[in-house]
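Asks: As a plain string of letters, each chain reads:
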Amino acid sequence: MKELADVALDAARGKGASYADIRINRYRRQFILSREDRIQNTVSLDAFGFGVRVLVDGVWGFAAGSKVDKDTIARMAGVAADTAKANRILQKEPVILVPVPAVVDTWQTPITKSPFRIPMKTKADLLLAINAAAMKAGATFVNSGIFAVEEDKYFASTDGSYISQLLTRVWPNFNVTVVDRASGKFDTRAALTTPIGTGWEYVESYPLIEEAKLAAEQCKEKQGAKSVTAGKKDLVLSPEHLWLTIHESIGHPTELDRALGYEANFAGTSFVTPDKLGKLQYGSSLLNVVGDRTQKNGLATCGYDDDGVKTTGFDIVKDGKFVGYQTIREQNGKFKALGETALKACCYADNYSSVPFQRMPNVSMKPHDWGGKKVGFEELAADVKDGVLIEGAGSFSIDQQRYNFQFGGQVFYEIKNGKKGAMLRDVAYQGKTPEFWASLDMIGSDHFYKLGGSFNDGKGQPGQANAVSHGSSWCRFRGVNVINTGRKI
Amino acid sequence: MSFLSESEARQITEKVLSYAKAPATVVTLNPVRAGNTRFSRNEAQTSGATETMNVGVQSIYGLKKGASTTDQYDDRSLLECVQRAEELARFAPDDKETMPVLGPQKYLMGNAYSPDVEAITPEWRAKIAADAIEKSRAKGLVAAGFVEHQATANVVANSKGLFAYEKESGVAYSLTARSTDETGSGWGGGTANRLADFDAGSMTARALDLAVRSQKPVALEPGNYTTILSPECVADLTLTMFFGGFNARNYDEGRSFLSQLSKQVEGGEKIFGEKVTIYTDPQHPENPSNVFDGEGFPIKKTEWITEGVVKTMACNRYWAENGKKKREPQPFPANGIMVGGKTSIDEMVASTKRGLIVARLWYIRPLDPQTCLFTGLTRDGLFLIENGKITKPVKNFRWNETPVKMLRNIEAMGPSRRVITSEQDLGSNLFFPALKVTDFTFASLSDAV
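Heads up: the sequence lines are chains A and B, in that order.
Position one of the first sequence corresponds to residue 1 (this note's numbering), numbered consecutively onward.
Position one of the second sequence corresponds to residue 490 (this note's numbering), numbered consecutively onward.
These are calculated hints, taken from the structure and not from any lab test.
Glycine included, C-beta positions come from ideal geometry on N, C-alpha and C.
The reader is advised that the hints may include incorrect statements.
What the hints assert, rightly or not - Taking beta-carbon pairs under 10 Å as the criterion, some of the chain A residues facing chain B (in silico):
1. 79
2. 89
3. 90
4. 119
5. 445
6. 479
7. 480
Starting from the given sequences, assemble the full structure and let the hints guide the process.
Replies: What follows is the structure, encoded as structure tokens:
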């Protein structure tokens, strides 16, 4: 690998690059999909290739290929340099990379069992058992699947770094549907599992069969559930729900590239503009949010980012105040004046053929320190007169500056006078990010802390998918605008 | 790497099939040559070129099947790819819905490829970006945009003698221009299969015009408004309806929004307004698409909705034979063309007493599949119309609406044109008109610009 990498770095230098890196990566993805009593497909995807990135006269160029040999690598390094040169007419200020130490290292996701070593029959049997449990409990239809990802990454740069990493992720999931032919109603309930940065041990430890049964029962109950009355209500949100709200309303707005306008043509910008750094009251004083690519089991967890920078943890919101952006190496140089000097290692490319850029680290909300006392749903609901409990992530949408959002869920229950009541349907809540987080008035203890996350967070042009986790405990919000989504056509 | 020719593709697929031990095998090849330039903050951001080829193998033993892919096409990698698919298939449980592979098929002549797109250079892309940046600066705006192009080939071959090869090219561009005081934003963009159909200058002009006019918007009360939707908005909303909704199996199983309307659907009654006719045509001169799908099934001109009546739904080969009723297999729409009208946007505005005109929708996600209810936001240009004139820019709204209602409430329709969707530039094969509709539901205010 080093020999191939050096070909790219030498060729880039020869073409006038002041900096170059190459990633020679293999991506293995395996998935198995089922519905009811049949396995629909078993698929093994293998992608291998290289991507060369160069900086010529302070302008980026990039080229990638799937034919991994010295000639192709040298040629594509030249293409990357020529691409950078073509863009010189567009560059106002050069890209400046702050120095980082040369690193020769290896890193891998700590796992017990690789999902790729588990026999396909074991996976198929598990999915069929999940489906059978759901069908027995009254599901009309059930789909299930297991996804496994392995990124075998090799990074080398003209800084003198040579880094090998092996990242593993896994995600078992299912979706139950109940159809009532008489009324024409159909409802679904997805698994509360999460994609996670670990091995098969997560699949083995999760009570998939029991939850499939519960999901079918809840889905049936949903059909006859009371349609929610719209209005201001208190919300008690589970960690399996809240991860997506954290992702959309804290994760994305605090990406520095968005705040600076780099994503203006696609995902959008951010209401958290650079003048708000260290000043903006993001939410109530209970709110503490960290970015951390070293978090245990995090989907974005790794040893080094795709700039070759060592990963770390850092504060984003401290005691309710916005204190730090997510950043990448080139921003430390170019936007030094902002005061973002610490290297936060948020650079990632989703394939060898994709250009590395800023992506979200694991962004998680700290549980409240209750001095060892267990504080979960019951304690949070105790002081709620008229509220809604939401479990699981559902519909989600947020504007291009991350102010106005609307979220659904998987299951909803009313909370009346401190107690969990009847199931509700047609629930979504709408809010403005700072107002919503200001209404946070109670956070559960670490006993209930869980990670949620996504395999496919989209951003960039061309679009790239990032896998990212978000942890939290139970949380309570006061007076949130709940809407009714029921309609007739 | 020279681009994969038909004879080279044939050599590779024959080699893969010769390695196969399974009774039936399907091979797909997807070589891609692509380039892009991204700019923002009135300067370059990233730019790149890729040369890749993906090889896919599906192996079938009776009712058992498995699939694998690789990006490598040396002999050893191809053999390993076949072996992986066969191993997966041999250990897979029987799938009673496994269909025999197709024999040789006849296809329409494709017209989705143009060599001039394959010849695009980084300098050509940089020139479009430089023009957008220069014009934005001149108007006190900040430009962010993306120019991309790619040439691909779709190849399908199988052990029953089917061989299909087609080339496809595409170029796309989009620009968002924002005012320096962050109160205004405009967007323009488009795509084409050949350079003769591609006019980046008009897209830049549209973005700059909207960015200038949308500054310092005022807040309006949420509610239901008569609304003029751009062709981009109409395409975005209509497309959402097809995912899941226009699927014959979902419909039969009771989990499409059309299921509850099955009596009207089966009776040939109008589900949408009579002005609504939507079809697929792989040979459309300005909006061509593939002429076969991933298993080599031919794609033909197909009417999905004709004058408000549902004519067909997507249906795989298994369900076509084994569903609630016998159907013709129908691949998912490869492109979408809505028959347009003759009313210009100016005429729509002139005939509106009070309403809104929307340039673009954003972050469209399902709220309730039962009623095909979606949510999303307006973006990059929302204006109030009073007494036949656009009077002021207004702050963005979140909307909660179903495209079913939009397509029932049409008051006027413009001519159709090629558009790109809110979350995809290259690969958007959509040809849609602007619509003036009544009673569009805007649910809440957004402070976002």
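Asks: Hints first: check each against the structure and report whether it holds.
Replies: Hint-by-hint comparison with the structure:
no. : hint : in the structure
1   : 79   : holds, 5 Å
2   : 89   : holds, 5 Å
3   : 90   : holds, 4 Å
4   : 119  : holds, 7 Å
5   : 445  : violated, 33 Å
6   : 479  : violated, 15 Å
7   : 480  : violated, 13 Å
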